[in-house]
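**Q** In case you want the letters, here they are:
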Amino acid sequence: MTANADSENQVPWKNIWARLYPAAFSLLLALLISGLLLLVSGRDPIAAYKGLLSGAFGTGNRFTETLVKMTPFLILAISVSVSFRCGVWNIGAEGQLILGAIASTWAALTFGALPLGFLAPLTIIAAIIGGAIWSGIAGALKAYFNANEVITTSMLNFIAVYFLAYLVNGPLMDPEGFNFPQSPLIRESLELPRLLQGGRLNIAFIVALLLVAGALFYWRSAQGFRTEIVGASRRVARHVGLNVKSNIILVTVISGGIAGIAGWGEIFGIHLRLIEAISVGMGSLAVVVALLGELHPIGMAVSAFLFAALVVGGNAMERNAGVPFALVDVIQGIIILLILARSFIFRGRPS
Amino acid sequence: MNIDLITVAFVTGVLAASVRLATPILLTAVGEVFTERAGILNLGLEGTMLMGALGGFLGAYWTGNLWIGVLAAMVTGVIFGLLMGFISITVKANQVVAGLGITILGSGLSTLMFRLAFGLRSTPPTLDIFPTVPIPLLSDLPGLGPVLFEHNALVYLALILVPIAALLLYRTHFGLAIRAVGESPDAADTRGVNVSLTRYLSVIIGGALAGLGGGYLVLGSLGLFWTQMTAGRGFIAIAVVVFSKWDPVRALLGALVFGFASALQISLQTLRVPIASELLLMLPYIVTILVLISVSRRAEFPGAFVVPYYRGGEK
Amino acid sequence: MAPEILVQMKGITKRFPGVLANDRIDLEFCAGQVHGLLGENGAGKTTLMNILFGLYTPDDGEISVNGQSVVINSPTAAIALGIGMVHQHYRLVRPFTVTENIILGLDDGSPLLNLKTAACGVAEVAEQYSIRIDPLARVEELSVGEQQRVEILNSLYRDAKILILDEPTAVLTPQEADELAVALRGMVEQGKTVVFISHKLDEVIKVTDQVTVLRAGRKVFTSLTSDTSKNQLAREMIGRKPSDLKRTESAFTMALVGAGEEGGPAHHDKETAETQAALTVRDLHVRDDRGLLAVRGMNFNIQPGKILGIAGVDGNGQRELAEAITGQRRFDRGQVWVAREESTDWAPRDYIEHNVAVITEDRQAEGLILNFDVSRNAVLKIFRRKPFAHRGLLNVSSIVTFAQELIETFDVMTPGPHVAASTLSGGNQQKLVLARELSQSPALIIANKPTRGLDIGAAAYIHQKLADERARGAAILLISGDLDELLSLSDRILVMFDGQNMGALPLEETDLEKIGLMMGGTPQSDLGDRR
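Protein sequence lines, in the order shown, are assigned to chains A, B and C.
Each residue of the first sequence is one higher than the one before, counting from 2 in our numbering.
Each residue of the second sequence is one higher than the one before, counting from 379 in our numbering.
Each residue of the third sequence is one higher than the one before, counting from 13 in our numbering.
One or more hints might be untrue.
As the list claims (entries may be wrong) - DMTMM-like cross-link-like pairs, simulated, lysine to aspartate or glutamate; straight-line CA separation at most 20 Å:
#	chain 1	residue 1	chain 2	residue 2
1	C	K477	C	E420
2	A	K246	C	D362
3	B	K623	C	E521
4	A	K246	C	E420
5	C	K398	C	D357
Stated by the list, open to error - Pair by pair, the computed Cβ-Cβ distance ranges are:
#	chain 1	residue 1	chain 2	residue 2	range
6	C	A359	A	Y22	21 to 27 Å
7	B	A495	A	P122	21 to 27 Å
8	B	T385	A	G43	50 to 56 Å
9	A	F26	B	P502	51 to 57 Å
10	C	F28	A	Y22	30 to 36 Å
11	A	P122	C	A359	46 to 52 Å
12	A	G43	C	S86	48 to 54 Å
The hints are simulated quantities; they were obtained by calculation from the structure and are not laboratory data.
If you're wondering where the values come from, they're calculated on a predicted model, not measured in any experiment.
The beta-carbon is built from N, C-alpha and C at its ideal position, and this holds for glycine as well.
Produce the entire structure from the sequences given, and follow the hints as far as they go.
**A** Encoded structure:
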C-alpha cells in the first residue's frame, strides 16, 4: 500500500509568495479560533496575545531566544520536507534528532583527546551518520518490504527515546553527576561559539540558514528533480527510467542526516551534554512547520520563525497572562486541520 | 537479584497488572481495528484518547458519577472520530497529515481545557476510581482467578468487548460491509453498500473506544488527569492493530503483550534484575516493526487502506 | 410469437468532453434472448450499458423496463429493476468467499450473517443455471473464469432479468468460454435476457440470437443472428466499403499524399529484413497483471523508415506488448532487439539511453506530471544530460529555452514554458509529449494510441509529425484501435487478437473486411474468399 502522494506539495519554481497566502490565512484563522476559545472560558485573548508577542519579541534577549528555538524547528522541517516531497511520510524526525545527538556526543566523549580541528567536524559527521542510519532503516523497510513508513518511523521514535534514556541512565552516565540521567559534559572547546553577547544564540543558527540554502540548492539539482518526480507519480517515475526504490532510500537517508544535525545543534550549542528530554514534541512540530511553510525552504524558515515565536511567547504568556502554554498546541493543531481542509474551503472541492 | 521475591503471589500480581495495563490499549486498538478494516488509518488516536481522558474526568468530577464520566469520554471520542472522518472521507485529504493534526490538536486542547477549568494547583483534583469488583467463585480460582476476575468494571467491559467486537466484525452484515469497504470499495458500492456511511460509522466506533481508552486511564486507573498522560498509547494501539492483523481477539493478545512488558519492567525493577528497564520498554516497538515487515510482505493490508474512494474511479 | 420486450432504450445520447459517445441510440432487448452488442473501440457499447446499469446518466433519451419509463441513477437502482452487469474488471472482494461476496449489501431481515443458509441459497441458484462454483471458496483462490461465474451468480441471485456481460471471454480459456456459452443458453431458456458485448465475430455468431452493431456512437445495424454473416458484421463494424480504402480520399490522408508512397513493396525476404531492422521481436510471451498470458508468441520486425501498425481491439495484449518492448514489464519467453542489440533485459532507462521514444497511451498518468510546469515536463527523460544539468545542478535557463523551442516547433498552444501542464488541453498535452519524445531524433518510436481522445486537428498534426519522422528514417510501431489512423499511416498492418499475430498485410493488399475479420479472431490463413 502506499499513502496518497499529496500532489499539492509540488511547488513551481517561482510563485512561493502567492502560495503562502492560504498559509497565512490559516494561521490567522487559527489565532482567531483560539482567541474565541479563550474568550468563551473567561480569559482575555488580547492580553494573552499581547503576552505572546512581548514574550517572543519584547526584548533583545527574547528575540534571540526566539531565534534559538527556531534553529531546531527549521532544521527538522527541512528534514521532513525532503521526505514528504518524495511521497514518503517520514515522521521520525524526533528519533533521528536523538540518534544524531547520541552519535555526536559519543564521538565527542570517545575521541575527546583528538585535536579540535579533527574533532569538531567529526562530531557533525557522526550526527549526520546517526540520523541517516536511523531514518534509512525505515526507508529500506519501505522500499524492500513495503512497510508503512508512518508506523515504522513512529516506532523508531519511541525506540530512540528509550535508547537515549538507557544510555544516560547507564553506559553514558556522568560518573560525577550524582546519578542524574545525563552524560558527562563535552569538552568546553567544542561548545559552539555564541553569535551575540548574552543569550544562547550560536552558530547552529547559521548552520540552519546554510541548510536552507542547501535545500534551495537541492531542489534545483538533478537529484532534487528526481525526488519530486518520484513524489509526484511513481508511475511516471518508472516510465522515465528512475529507480523508485533507491530514490526512496536516498531521500530517507538525507532526511535523517539533516535531522541528525539538529541533534548536534542542541547538544553542542545548548545543552553541552546528553540529557533525556532533548527533543520533546519536536517531531510533530516539525511536521506542522514544514506543512505551513508549503515544504519550501524559505516558507519553512518563515514558518519556523513564527512557531518559535509562538513557543517562546507561549512560555511568557503562561507566566504573565496566566494562559496555559497548551494554547500553542491548540493553535498548531487547528493550523494543520485548516491546511488540510483549505482546498475544501477555498475551492469547494475535495483536495 | 532477589529471587526469593518471586512467589506465586508475585507472578499473579504481575499478570493481573498486565491485564490492567493492557486495558487502555486494548480498548483503543479494538476500535481502530474497525476503522482500519474500513480502510482508514487514524493517527489521531493519541489526541482522541487524551480528549477522552479529559472528558471522562470532567464528566465524573462535575456530576460525581463515574458512569457519566464514561459516557462523556465516549462522546468526546466520537466527536474527534467524526472530525477525522470528515477530513478523510468527505474532504478526502491526506489521512496521515489529518491524523497527526488531530493528535496535536487533541493533546493541546485537552491540556488547555483542563488548565482553564482548574488552573494550576499544587494538589491536582482527584476522583475515586471504579472499585475492584471480584467476581464471586471465579476469583477464587488458583492462578487464573486474581489475574482475570479481580478487576474493576471498566476492565471487565474491555474484556467482554473483544468477543462482541469479533461477533460484530465477522458475523453481522455490518461487519461484512466494513470489511468489504476497506478491501474493495467499488465492489461494495456496486452492491449497494454506502461506502461513506460505513466509513463514518467505523471512525465513530474507533473514536468512541479510543475515548473510552483514555477515559479508563482516568476513571479506572489513576483517578486524575494530567497533560500528555497517554504517553504514546495511541500509537502503541496502532502498532497493536497491525500486530494483530486487524483481528479483535489477536488485538487482545497484542495489548496483553504490551501490558505484560510494562508490568514486567516494573517488577524487574523490584527484583533488581540487571537488564535496564529502558531496553525492556523498547521491546514492544521493535516487535511491532518486525511483525509489520512480515505482514506487509504478504500484502495483507486491507486493499483500499488509506486511499479515499471516488465513485467511477475518476480523480 | 413475438418475443416480449423487456428493456427499451430510446434516443440515448451521452456526451463526454470532446466526444459524443452515444448518439440517439434506439435499442430493444427481448426476453429469452442472447443479444450481441458489437463494435470497435470507442463505438459506445460500454458507455451505453453503463447507462443502463446506472453508472452514468444519459444527456438525453429514455429508458423503459417492462413498459414503464424509469430513471436509473445508481447501480442499486438498476439492480432493483432487475438489471445486472458484469464488467471487464471484476468488482469482487478478493479475500471474501463466493457467498460473502454475493450476499454483501443484501438485507435478509437479520443483522446477523447466516452464512450456511446463504451458501445453500447460492448453491441452489448455481444449480438452477448449471453454473459450477463452490460457494465456500475464497474468490482470490479462484481462476478468472470462476471469478466471472461469481459475478454472474451475483446478478442472478439478486433476481436479475437482464444480464449484461462486457467482453466476457476476454480473459477466458477456450474451454471456459464454451462453458460460459452453455451457461448463457441455460439462463436464456429460463427466460433471462443476456446482453453480450464483444468484438469477437465468431463468438457472436455462435452464441447470440440477435445482434446489434454500434459504430462511432450510433446504432448502424441490427438483425437476427441467423439472418446475417460474419462478413456482413465485419463490414458494418468497420463501416467502410472496400472502395473507400484509397488513402487519398480520407480526410486524414490528404496531408499525407506524397509521404511514404515511395515506401515500396513489403519486404518479403525475412532474413535480410531482420539484420537491418530497428526493432525485432521474436517469440514474445508476456503475462498481464493477473498472471495470464496476454502476448502469446508475437514475431515481427520493423525496418527503419517504416511504420508498422498494430490493429486490434483493446485488451488483446497490446498494452502488455508495448510495456514489454519498452522495459516496463518483464516477460517469460522471447527476445527483443533494438537495432543490433538485444534489449530483452533492458530497463526503461536503457531504452531512453538508446534513443527509443515512447508515446504512452496514458499521457496524464504516465507521460506527464500535470502539476509540473511545461519546461520540467519537457526534460523528464533527459534532464541528466549535458546542457540541462551541469555537475548535478539543473541549468534552468537551458531547460526553459529548450522547452520554448519545443513549444514553437510543435505548435503547442500555451502561454509559455512556465505554466503547469494541467492547463494545457488534451491535444496540446499530447503534442508536448510528442515534442519531448521526438526532440532527440529517435531511431525507434513506440506510439501507443497517440491520438486517443484528441480532436481532428490535433490528431492530424500528430499524424503529420509521425509521417515526417518516418521520412527522416525512424522506425515506428503504431499501436492503435483507430483503423483510420492505421490505414493512413502504416506501411504494413499487423492484426493482434488474443495476444497473437493474426496476420500482417502490406497496405496495398489490405481490405477492411479482411482486417475486420482478423480483428474478430480469424487468422489470416483462414481468410477465404469473400462471400
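**Q** Each hint: holds or not?
**A** For each hint, the structure was consulted:
1. C:K477 with C:E420: 14 Å, holds
2. A:K246 with C:D362: Distance ~17 Å between A:K246 and C:D362 Cα, so the pair holds.
3. B:K623 with C:E521: Judged against 20 Å, a Cα distance of about 62 Å means the pair is violated.
4. A:K246 with C:E420: 37 Å, violated
5. C:K398 with C:D357: 26 Å, violated
6. C:A359 with A:Y22: 21 to 27 Å: 43 Å, violated
7. B:A495 with A:P122: 21 to 27 Å: 52 Å, violated
8. B:T385 with A:G43: 50 to 56 Å: 55 Å, holds
9. A:F26 with B:P502: 51 to 57 Å: 38 Å, violated
10. C:F28 with A:Y22: 30 to 36 Å: At roughly 35 Å between Cβ atoms, A:Y22 and C:F28 fall inside 30 to 36 Å, so the hint holds.
11. A:P122 with C:A359: 46 to 52 Å: 38 Å, violated
12. A:G43 with C:S86: 48 to 54 Å: 51 Å, holds
Going through the hint list in order, the structure does not satisfy hints 3, 4, 5, 6, 7, 9, 11.
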